[in-house]
Every structure is written in structure tokens, then in C-alpha cells.
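Visitor: Quick note, the sequences are listed as chains A and G, same order. Residue numbers for the first sequence follow our numbering, so the first one is 1 and each next one is one higher. Residue numbers for the second sequence follow our numbering, so the first one is 116 and each next one is one higher.
Quick caveat, the hints were computed from the structure, so don't treat them as lab data. As the structure is a computational prediction, the values presented were derived from the model and not from experiment. Beta carbons are placed, not taken as given, at the ideal position from N, Cα and C, and that holds for glycine. You may find that some hints are simply not true.
Now the in silico label distances, taken between C-beta atoms and shown as ranges [as the list claims (entries may be wrong)]: (1) G/166 with A/70: 36 to 42 angstroms; (2) A/76 with G/191: 40 to 46 angstroms; (3) A/70 with G/117: 32 to 38 angstroms; (4) G/183 with A/14: 32 to 38 angstroms; (5) G/135 with A/57: 34 to 40 angstroms; (6) G/156 with A/28: 24 to 30 angstroms; (7) G/129 with A/55: 44 to 50 angstroms; (8) A/57 with G/129: 44 to 50 angstroms; (9) G/168 with A/99: 31 to 37 angstroms; (10) G/124 with A/70: 20 to 26 angstroms; (11) A/111 with G/220: 16 to 22 angstroms; (12) A/76 with G/174: 39 to 45 angstroms; (13) A/53 with G/174: 24 to 30 angstroms; (14) A/64 with G/174: 40 to 46 angstroms.
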Amino acid sequence: GAGVSQSPSNKVTEKGKDVELRCDPISGHTALYWYRQSLGQGLEFLIYFQGNSAPDKSGLPSDRFSAERTGGSVSTLTIQRTQQEDSAVYLCASSLMGGGTDTQYFGPGTRLTVL
Amino acid sequence: RKEVEQDPGPFNVPEGATVAFNCTYSNSASQSFFWYRQDCRKEPKLLMSVYSSGNEDGRFTAQLNRASQYISLLIRDSKLSDSATYLCVVINEDGNKLVFGAGTILRVKS
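Please build the complete structure, drawing on both the sequences and the hints.
Guide: Here you go:
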């Protein structure tokens, strides 16, 4: 079946603009995760959804970042007033149930460049 | 101190070599452990889970030492296609957040 998909694959924006990144998880997966990977850095956890609720928002770097998930499926990560340090690859993952033994499957990512 | 630390690499090895990567984690309450593989400009993909008893998948062997909070990955008979970044990953105690090491680059050369 289809894997995790993300759009757009690439986004170039000007500093100060808002951007929305979309994630379509694998059908039937209840858990959804957002991570980001900056150049030369490891992956950094941002937020986790179980269904439509986000029990763990601890990784969001500032209040310019927000995320929502509707219908237990699609999720949108919004970055307001983008800054150059927001440039990174934003990766979404989903898993069937969530939890420590459940494999997370990653999407191809959105490469965000803030000029 | 980072939660997950890995050998910095890069490891440059000839085809057929055996290579080992190490990883340490700081949170003793971590509950699950994995190795992921990431090819250049691609998403991470699960390579294998790591169990206390050790586990093997073909040419790949993973070991976990909970007492020392240490994880290893051994690759035997390296292939050119093994060239990638290998990410040590730990799941925190609430079972949801993957914590990634910075990765170790492996380059297998003919």
C-alpha cells in the first residue's frame, strides 16, 4: 500500500512568511510524528499525535510552530513568520498504534529553505 | 551531554570488510532501541530493532547492553550498497518519541 506522503517536497520562502507543510500518514495509522533534520544535524522530535490529539508537543522550538491533525489522518505543520534557522528537512512519520515497539515509517520529507 | 551519542565516523572500508558502530544513550528508562539507515537526501528507514539477547539479520548483528547503556551494530562482508548513514535510535520511557543519534557515515569502496 501507499506509504507516508508529504507535500510540498520542496519549499522556498522569504523570511517572515508563513508556511504550511502537509503529511498524509499510512492509512489506518493512528500515531503521527513530526521531526526535523537540519544540515549536518541529527533528527529532532517536534510533536506527536495520537488520533487528533497531541499529548507531546515538547519538541516544538517556539510558539511560531503549530500543528494540527484532523479526522485522525492528515496533519499540517505551520510555521509562522519563518526565520532562516527554520531551514531544514521536515519529516513526518506514522505508526499503527504508537508506543515503543511500533515501527515508525517516514515520509520523504519537505525541504524548507528560508531566504 | 546528548541523549544518544554515536561514533562520529566517517568509516571508509573496502568491500568485504567487517565494520562495527557503537552508540551510547543517557536515559536509563529508555525502552526500545533501533538502528535506522538513511541514504543521502532520503528519509530514514528502519534497519533493525535491537534486543537485549542480541539479534542478527543476515550480515547485520545488533547488540544491546542495558547495564552499560550501549548499543552496537556489526556489518559483515560489507557491500557497496551498505554505504549510508546509520542512525542509532532510542525510544523514551513514554514510548512515543524517537531520539536519534547524529549518525555515523559508512562509505564502502571497491
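Visitor: I want to verify a distance hint. Is the separation of the beta carbons of residue 57 of chain A and residue 129 of chain G within 44 to 50 angstroms?
Guide: 47 angstroms, holds
Visitor: For the pair residue 64 of chain A and residue 174 of chain G, does the Cβ-Cβ distance stay inside 40 to 46 angstroms?
Guide: Distance hint for residue 64 of chain A, residue 174 of chain G holds at roughly 45 angstroms.
Visitor: Could you see if the CB distance from residue 135 of chain G to residue 57 of chain A stays within 34 to 40 angstroms?
Guide: 37 angstroms, holds
Visitor: State, for the Cβ atoms of residue 53 of chain A and residue 174 of chain G, whether the hinted interval 24 to 30 angstroms holds or is violated.
Guide: 42 angstroms, violated
Visitor: Please check whether residue 183 of chain G and residue 14 of chain A have a Cβ separation lying inside 32 to 38 angstroms.
Guide: For residue 14 of chain A against residue 183 of chain G, whose Cβ atoms are near 49 angstroms apart, the range 32 to 38 angstroms is violated.
Visitor: Between residue 111 of chain A and residue 220 of chain G, is the Cβ distance one that fits in 16 to 22 angstroms?
Guide: Roughly 20 angstroms apart at Cβ, these two residues keep to the hinted range, so it holds.
Visitor: Range first: 20 to 26 angstroms. Now tell me if the beta carbons of residue 124 of chain G and residue 70 of chain A are that far apart.
Guide: This hint is violated: roughly 41 angstroms between Cβ atoms.
Visitor: Range first: 40 to 46 angstroms. Now tell me if the beta carbons of residue 76 of chain A and residue 191 of chain G are that far apart.
Guide: Roughly 44 angstroms apart at Cβ, these two residues keep to the hinted range, so it holds.
Visitor: Given a hint of 24 to 30 angstroms, does the C-beta separation of residue 156 of chain G and residue 28 of chain A actually sit inside it?
Guide: Holds, at about 28 angstroms.
Visitor: Within 31 to 37 angstroms: is that where the Cβ-Cβ distance between residue 168 of chain G and residue 99 of chain A falls?
Guide: 21 angstroms, violated
Visitor: At the C-beta level, are residue 76 of chain A and residue 174 of chain G separated by a distance inside 39 to 45 angstroms?
Guide: 41 angstroms, holds
Visitor: Should the hint that residue 166 of chain G and residue 70 of chain A are 36 to 42 angstroms apart at their CB atoms be regarded as holding?
Guide: 37 angstroms, holds
The earlier numbered hints that this structure contradicts are 4, 9, 10, 13.
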